[in-house]
Amino acid sequence: MTTPVLEEAAAAPGGTPRAAPSRRRASRRRALNDALAGYTFLLPNLLLLGVFLFLPLVWAVRLSFERTGGFGDGEFVGLDNYIRLFGDPIFWQSTLNTALFTVLTVPLSMIIGLALAVLMNSVLPARGLFRTIIVLPMVISGVATALVGVLIFDQNIGILNKLLRFVGLGAAPWQSDGAAAILSVVLVTLWIRCGFNMLIYLAGLQGVSPELYESARLDGAGAWNQFRYITVPMVGPSTFFLLIMNVIYSFQVFDIVYVMTGGGPGYSTSVLVTYAYQNGFVTRDQGYAAAIGIVLLLITLTFTFVQWRASRTRDLVE
Amino acid sequence: MTTTTPTLAVASAATSTSPARPRKRGRGARISYIVRLLAAIAVSIVLLFPLYWMIVVAFSSKQELLSRDLRLWPREFTIANFTTVFDTFPTVTWFGNSVVIAVFVTALTVLVNLLAGYAFARLRFRGSNLLFLLALSTLMLPVQVIMVSQFKLVTELGIYGTYWAVILPTAATAFGIFLARQFIIGIPEEIIEAARVDGAGHFRVFAQIVLPLCKPLIAVLILLTFLSTWNDFAWPLIALKQSELYTLPIGLLFLKGQYGTDYGAIMALALVSVLPMIIVFLVFQRYFVQGFARSGIK
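The listed protein sequences correspond, in order, to chains A and B. Count the first sequence with my numbering and you get residues 7 to 324, in order. Count the second sequence with my numbering and you get residues 32 to 329, in order.
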């Protein structure tokens with residue numbers, strides 16, 4: 007990754023014509039100087055990215071074609087790992103759970119984020135304080151959040167079930183029922199995510215000119231119509247950005263699920279990353295874990311590409 | 032990590048509050064004002080409750096938590112959970128590990144990204160666009176995809192189970208390059224030209240002119256990098272093995288593994304781990320909000 011850079015830098019001084027006018031020579035020297043400085047400034051970053059991101063990426067691809075027995079070199083087995091994935095019910099369940107988690111968390115966190123942003127953009131006392139409270143969960147670590155989640159959602163001694171019993175609704179089976187377990191993970195995720203969505207939407211809303219609302223009001227548009235026909239279209243770019251960020255985040259969910267449910271009960275909350283972790287570091291089937299990682303990468307890339315195409319078409323149409 | 036992954040850095044005015052226009056309207060407006068206020072209060076209660084509950088449980092006795100009746104505040108405050116956590120577990124060591132790792136990662140990442148940002152913003156050279164795209168593409172790469180091979184890599188390098196196994200891969204991020212490039216592009220060309228004409232080399236221009244002008248940017252980068260490293264979980268979990276080297280999040284998980292349902296102790300340690308970041312956030316809120324919002328909006 008870094009070698010072509012060095013070669014290019016070394017090759018640059020090659021073709022300097024001798025009899026150039028001094029002005030041109032000066033500008034040439036300057037360009038050479040810039041190039042040398044440029045590569046030098048980039049070198050530390052490129053080294054880190056090359057060694058710790060690009061190299062492992064290539065390695066992961068290779069690993070996904072190997073069978074490994076924990077330590078030592080693996081043997082090349084072609085597409086075996088991928089074929090195994092295809093017939094692995096836990097892999098399919100993890101994929102489905104990842105999709106379900108994404109489908110639930112992404113729209114909900116965006117809707118809540120937009121609602122909060124509209125609220126924070128309106129006339130309100132102590133607006134700064136409210137905004138601080140909404141953003142605050144963003145600085146709490148995933149592990150601490152998940153542990154509070156465990157405590158709140160504990161079936162027996164959790165405060166939520168105590169509350170549900172108190173109001174006569176009866177305790178919910180947060181740990182013994184798969185659907186309830188997924189719901190608990192989704193709720194905790196929303197707690198973390200709504201602040202980020204609110205901030206991005208708030209920034210988008212502050213770019214909308216108040217005159218638009220003023221003229222809509224004069225035309226007799228009610229609050230809902232103003233929201234529907236001015237606010238929603240005007241924050242379109244924020245929505246596009248948030249969609250990508252939220253989907254990628256949800257595809258990669260790990261901390262919350264790993265700490266809160268460990269994928270259980272059974273495999274009912276297992277997602278792609280927790281399943282890959284389990285294969286890679288618990289059962290030590292590294293080739294198989296790498297294959298799951300590659301599948302995750304392909305899904306992410308496909309989604310990003312589709313989104314990008316969709317946004318391009320939209321831009322062309324408008 | 033993911034929360035702070037930016038794609039495009041374009042200045043936005045998230046922090047500037049739009050002037051509240053005074054409206055003289057009738058009862059409808061007043062009712063809507065009250066409804067909004069109540070909604071904001073309700074949202075705040077829901078959002079603050081987990082933190083409140085963390086504090087309550089951390090200061091409550093075990094019996095109280097196990098009782099079946101609903102109590103939203105502790106009968107009596109006890110610091111027994113904190114004594115347990117500090118006496119039985121190397122909490123101070125874990126805290127120190129978190130500080131050391133976060134400081135090293137932050138220093139390395141911010142310096143390296145500022146250098147790269149300057150090169151992409153101010154220097155013209157062959158391949159710079161390609162390299163920029165390459166760096167950009169790493170932001171789309173889920174780190175989880177490569178965790179197994181990263182683990183194998185640090186093992187091969189002989190640094191598995193050391194601070195460096197956490198620090199180096201964590202510092203390998205292009206996050207910050209874009210904010211840095213964007214910010215440095217905004218510095219007037221003339222300032223840099225004048226110094227160049229006076230014979231200053233790029234390193235002097237960078238160190239003596241660009242860096243001092245980048246203070247707000249550096250503040251944002253330091254705060255965001257420190258925060259995400261402090262809270263990082265998956266990679267330290269993989270890269271560290273001895274419990275004396277654990278960071279606080281890994282220590283928290285370890286404590287849960289040892290103590291099971293002693294939530295009082297778990298919440299006490301959780302509180303110790305999140306409190307520094309809450310304080311830093313409240314003090315430097317302006318920079319955080321700017322950073323969170325700028326790390327994205329297009």
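Simulated from the structure, these hints should not be mistaken for lab results. There's no promise every hint is true.
As the list claims (entries may be wrong) - Taking lysine to aspartate or glutamate pairs in the EDC-like style, the calculated list, with each CA pair at most 20 angstroms apart, reads:
| id | chain 1 | residue 1 | chain 2 | residue 2 |
| --- | --- | --- | --- | --- |
| 1 | A | Lys168 | B | Glu224 |
| 2 | A | Lys168 | B | Asp100 |
| 3 | B | Lys272 | B | Asp293 |
| 4 | A | Lys168 | A | Asp183 |
| 5 | A | Lys168 | B | Glu95 |
| 6 | B | Lys93 | A | Asp160 |
| 7 | B | Lys272 | B | Glu187 |
| 8 | B | Lys246 | B | Glu220 |
| 9 | B | Lys246 | B | Asp229 |
| 10 | B | Lys93 | B | Asp293 |
- Okay, which hints does this one fail, numbers in order? 1, 3, 9
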